[in-house]
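Engineer: Chain residues, written in single-letter form:
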Amino acid sequence: MTQHLWDRLLEAKSRLEPVQSKYRVLFEDPTAPDEPAKVLVPDPNWMACALAGGILPPIDTYQRDRLVPDGEPKEHPYAEPIDAMSEEEAIEYLVMKDIDPAVWRDYKGNRTILKIVPVELIPSDRSFRNAWRVVQ
Amino acid sequence: MSTLTVSNISDATTTVGTSYVVNGSAKAWINADNDPSLVNNDSFNVSSTVDDAVGQIDVNYTNSFSNDDYSTACANANGEYMAFPRRVTTSDTQLASYNVEGNVYADTTRNCMIVCGDLA
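These protein sequence lines are chains A and B, in that order. When we follow my numbering, the leftmost residue of the first sequence carries the number 15, and every step to the right adds one. When we follow my numbering, the leftmost residue of the second sequence carries the number 1235, and every step to the right adds one.
Please note that the accuracy of each hint is not assured.
Claimed, not checked - Derived pair list, reagent style DMTMM-like, types lysine to aspartate or glutamate, alpha-carbon separation capped at 25 Å:
id, chain 1, residue 1, chain 2, residue 2
1, A, Lys27, B, Glu1335
2, A, Lys129, B, Asp1267
3, A, Lys27, B, Asp1267
4, B, Lys1261, A, Asp84
5, A, Lys27, B, Glu1314
6, B, Lys1261, A, Asp21
7, A, Lys27, B, Asp1292
8, A, Lys36, B, Asp1267
Hints were generated in silico from the structure; no laboratory data involved.
Kindly produce the complete structure, drawing on both the sequences and the hints.
Structural biologist: Structure follows, in structure tokens:
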């Protein structure tokens, strides 16, 4: 029987060293055009799990679970874990898991609203943080 | 990994069911800075954080919750700030830090959150 995802995470936390990603995902929400650009930061413990393999479930289980009503059984905690990913594959997985499909799949406009960038390109000066936009 | 299967845990005077321990433990936690930029200092059951805007961090869970009625406890390192869950779903929580003296959302360090509830 497949071990529950939470148990696998618990075991991984005690075994794996955290990995700081060299990437960030910069995106805008097309359903909220007045909001500033958002910056997704991969969690170091999660990235260690992604690079190690045998812990995280397939991404399509999360996508099917988006449609499951609250309180109903979800698929992703019980799915067979997938093999190790490269860091780039892990970032693509995170985009599909943690960013709304309205951003990465459904948007058909002309503006670029999602970019995967090296961490050095994210400004460290937050004086005008609520005015950030994705550079075109 | 080996598994110890027991229904009760006892210290010879008091006995509790293991379900009390399992159900009562935190299912996710995080300690993150968003000043000067968003950094996850440490966490458990978190896949990513999103810098949504000033003072607003979206915390995404690796293992989602069964429903959005879970309980969160939030705090941060600075006395003039308060932290609270601004928006809650089964797969993420928006953790806000608020400057109570200036009455504005504001970035600060060591934004912490512990989550207890039923996992999916």
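Engineer: If a hint holds in the structure, say so; if it doesn't, say that too.
Structural biologist: The hints, checked one at a time:
no. : hint                   : verdict
1   : A:Lys27 <-> B:Glu1335  : 38 Å, violated
2   : A:Lys129 <-> B:Asp1267 : 23 Å, holds
3   : A:Lys27 <-> B:Asp1267  : 20 Å, holds
4   : B:Lys1261 <-> A:Asp84  : 17 Å, holds
5   : A:Lys27 <-> B:Glu1314  : 33 Å, violated
6   : B:Lys1261 <-> A:Asp21  : 10 Å, holds
7   : A:Lys27 <-> B:Asp1292  : 21 Å, holds
8   : A:Lys36 <-> B:Asp1267  : 17 Å, holds
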